[in-house]
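J.: Each chain, written out:
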Amino acid sequence: MTMCPVCGRAVDEAAAKVQTGQTAHGAKEVDPKQGTRQFHDGKWYYFDSLGCRSKFTARPDEFLKKPAQ
Amino acid sequence: MNFGFSPEQEALRKEVLAFIKENLTPGVIAEVEGEEQEVSAGEESAGRKGLARRGPHLSELYRRIGARGWLGITYPKEYGGQGGDRISQYIVEEEFARVGIRVGLVGSGAPAILAAGTEEQKRDFIPRLISGEYSFALGFTEPHAGADLANLRCRAVRDGDEYVINGQKIYTTAAHVATHIYLMARTNTEVPKHDGISIFIFPMDTAGITVRPLVTIQNNPKAPVGTTYGAARTNEVFFDNVRVPKSALLGGENKGWRVGSTGLNLDRVGASRYLISVRRDEDIVNWLKENRHEGNSLGDDPAIRDKIAEMWIEAQVCRLMTMRSMSIVERGGNFTYEGSAEKVWAPEHGTRITEAITQMLGPYGQLMNGSPRTIEKGIFGHNVLGSFQSGINHGSVQIMRDQVARRGLGLPSQRKAQGARK
Numbered sequence: 001m002t003m004c005p006v007c008g009r010a011v012d013e014a015a016a017k018v019q020t021g022q023t024a025h026g027a028k029e030v031d032p033k034q035g036t037r038q039f040h041d042g043k044w045y046y047f048d049s050l051g052c053r054s055k056f057t058a059r060p061d062e063f064l065k066k067p068a069q
Numbered sequence: 001m002n003f004g005f006s007p008e009q010e011a012l013r014k015e016v017l018a019f020i021k022e023n024l025t026p027g028v029i030a031e032v033e034g035e036e037q038e039v040s041a042g043e044e045s046a047g048r049k050g051l052a053r054r055g056p057h058l059s060e061l062y063r064r065i066g067a068r069g070w071l072g073i074t075y076p077k078e079y080g081g082q083g084g085d086r087i088s089q090y091i092v093e094e095e096f097a098r099v100g101i102r103v104g105l106v107g108s109g110a111p112a113i114l115a116a117g118t119e120e121q122k123r124d125f126i127p128r129l130i131s132g133e134y135s136f137a138l139g140f141t142e143p144h145a146g147a148d149l150a151n152l153r154c155r156a157v158r159d160g161d162e163y164v165i166n167g168q169k170i171y172t173t174a175a176h177v178a179t180h181i182y183l184m185a186r187t188n189t190e191v192p193k194h195d196g197i198s199i200f201i202f203p204m205d206t207a208g209i210t211v212r213p214l215v216t217i218q219n220n221p222k223a224p225v226g227t228t229y230g231a232a233r234t235n236e237v238f239f240d241n242v243r244v245p246k247s248a249l250l251g252g253e254n255k256g257w258r259v260g261s262t263g264l265n266l267d268r269v270g271a272s273r274y275l276i277s278v279r280r281d282e283d284i285v286n287w288l289k290e291n292r293h294e295g296n297s298l299g300d301d302p303a304i305r306d307k308i309a310e311m312w313i314e315a316q317v318c319r320l321m322t323m324r325s326m327s328i329v330e331r332g333g334n335f336t337y338e339g340s341a342e343k344v345w346a347p348e349h350g351t352r353i354t355e356a357i358t359q360m361l362g363p364y365g366q367l368m369n370g371s372p373r374t375i376e377k378g379i380f381g382h383n384v385l386g387s388f389q390s391g392i393n394h395g396s397v398q399i400m401r402d403q404v405a406r407r408g409l410g411l412p413s414q415r416k417a418q419g420a421r422k
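As given, the protein sequences belong to chains G and Z, one line each in that order.
Each residue of the first sequence is one higher than the last, beginning at 1 in our numbering.
Each residue of the second sequence is one higher than the last, beginning at 1 in our numbering.
Just chain G, with the same shape it has in the complex (with noise of 0.2 Å):
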């Protein structure tokens, strides 16, 4: 488990990268209710959802500094 660095949600890492179908032509799929991730400055973040990445693409620098709630 992780926090969102936006929210402090919890966020199960490996729920969001676990595999739970494949495509037409082989790539992994996974589940899209369990939350989403951003490669930043060569680390994966995860977020609860795509409004909390809307808002860390914004201002990354924001919610790093600031402690998870």
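With a Cα cut of at most 25 Å, we get these calculated SDA-like pairs of lysine to any residue:
1) Lys193(Z) to Lys255(Z)
2) Lys193(Z) to Asp41(G)
3) Lys222(Z) to Glu29(G)
4) Lys33(G) to Asn220(Z)
5) Lys65(G) to Asp12(G)
6) Lys65(G) to Asn166(Z)
7) Lys43(G) to Asn241(Z)
8) Lys55(G) to His144(Z)
9) Lys33(G) to Pro221(Z)
10) Lys222(Z) to Ala24(G)
11) Lys377(Z) to Gly295(Z)
12) Lys17(G) to Thr141(Z)
13) Lys17(G) to Val215(Z)
14) Lys193(Z) to Trp44(G)
15) Lys193(Z) to Phe39(G)
16) Lys55(G) to Asn151(Z)
17) Lys17(G) to Arg243(Z)
18) Lys55(G) to Ala150(Z)
19) Lys122(Z) to Glu330(Z)
20) Lys193(Z) to Asp61(G)
21) Lys122(Z) to Gly26(G)
22) Lys55(G) to Ile399(Z)
23) Lys43(G) to Gly196(Z)
24) Lys43(G) to Thr57(G)
25) Lys255(Z) to Thr336(Z)
26) Lys17(G) to Asn241(Z)
27) Lys43(G) to Ala150(Z)
28) Lys246(Z) to Gly26(G)
29) Lys17(G) to Pro213(Z)
30) Lys17(G) to Asp205(Z)
31) Lys33(G) to Asn241(Z)
32) Lys33(G) to Lys222(Z)
33) Lys17(G) to Ala207(Z)
34) Lys43(G) to Asn166(Z)
35) Lys222(Z) to Gly21(G)
36) Lys55(G) to Ile217(Z)
37) Lys17(G) to Arg155(Z)
If you are wondering where the hints come from, they were derived from the structure by calculation, not from laboratory data.
Knowing the structure of chain G, use the given hints to seat chain Z on it.
T.: Below, chain Z without anything else, positioned relative to chain G:
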């Protein structure tokens, strides 16, 4: 100067129409409807799923279309095309598009490969894109990089004879049905942002690719066949230490901005772009001719006739702009801003005709697929949902206007203009 078609071109159109009449069987129609549920117009793909997933009726239809020499008309014969002209391609594409069959290559991958690919890439990809065996997902947009695409951060780092890719893409519409991804990634962070970008093409089953579905406003109920923009789904795509051979690079390291732009620009030349927006005009004219609404024909109303005529005139401007673009490319001319102008006019006409249809049909035009009393399975209602999409994807109308201003009118770029004001 002759704005019409030659006798040979008119004969080709008649031949195509006769072929369609003979071969558009109920079995084909059923399979087209099933296919359009997954692959919609406007997507970055060959517009057709892989051959292995095509039903028997469509497989046979495409075999017959290929036997007539109507697939990949403008592509060189050595790469599986016909070495033909763009007007012939346009005529064939236009008539098949009206019945939901895509015979043109939608997407910027094939033109980019033809312009910048190695001989091996041309021989591998182009024949298979033409046949439908391969299709590409366009991996350009990122959370950080939409309209300002050069801000992209997905990284590709050289490691011996390979590149290692880490990062993500979003709104990758065809990722769940494509055989390959046509990816733009950053290969140099030490140079101006446009100069550090490269393009890679590699299979979707490469280890480390993850697809996360994003459902759209057309998902429930699903848009019916004939909806101009009906993609029920798009995707996020993640790349975790994805290793691709250096042969996956298209057009040389750090040359991706020019290669990608050239491909996108050439993709804007063709009947499919025109038809995306003006199919609505043809749908409503046909419907008005054939239907009475609450006992009256809406076409009897002079206000509606005026509006339809106004929209038809706009649609003809779309068509002429398309023909002009094709003519420039056909003659080997310097094609710079013309496709951008077309990419502004056609989508904005699409939203205007959608609004006009909505006003004409009233609440009936808002009933969706599956609703009782819906008109044309809800095409008009679903087009309301999707009509703004065409002004956003493949380069927003704002970006297109900027290109017209800079390349067409010679006005300074935003960066230069801001510098001059300081």
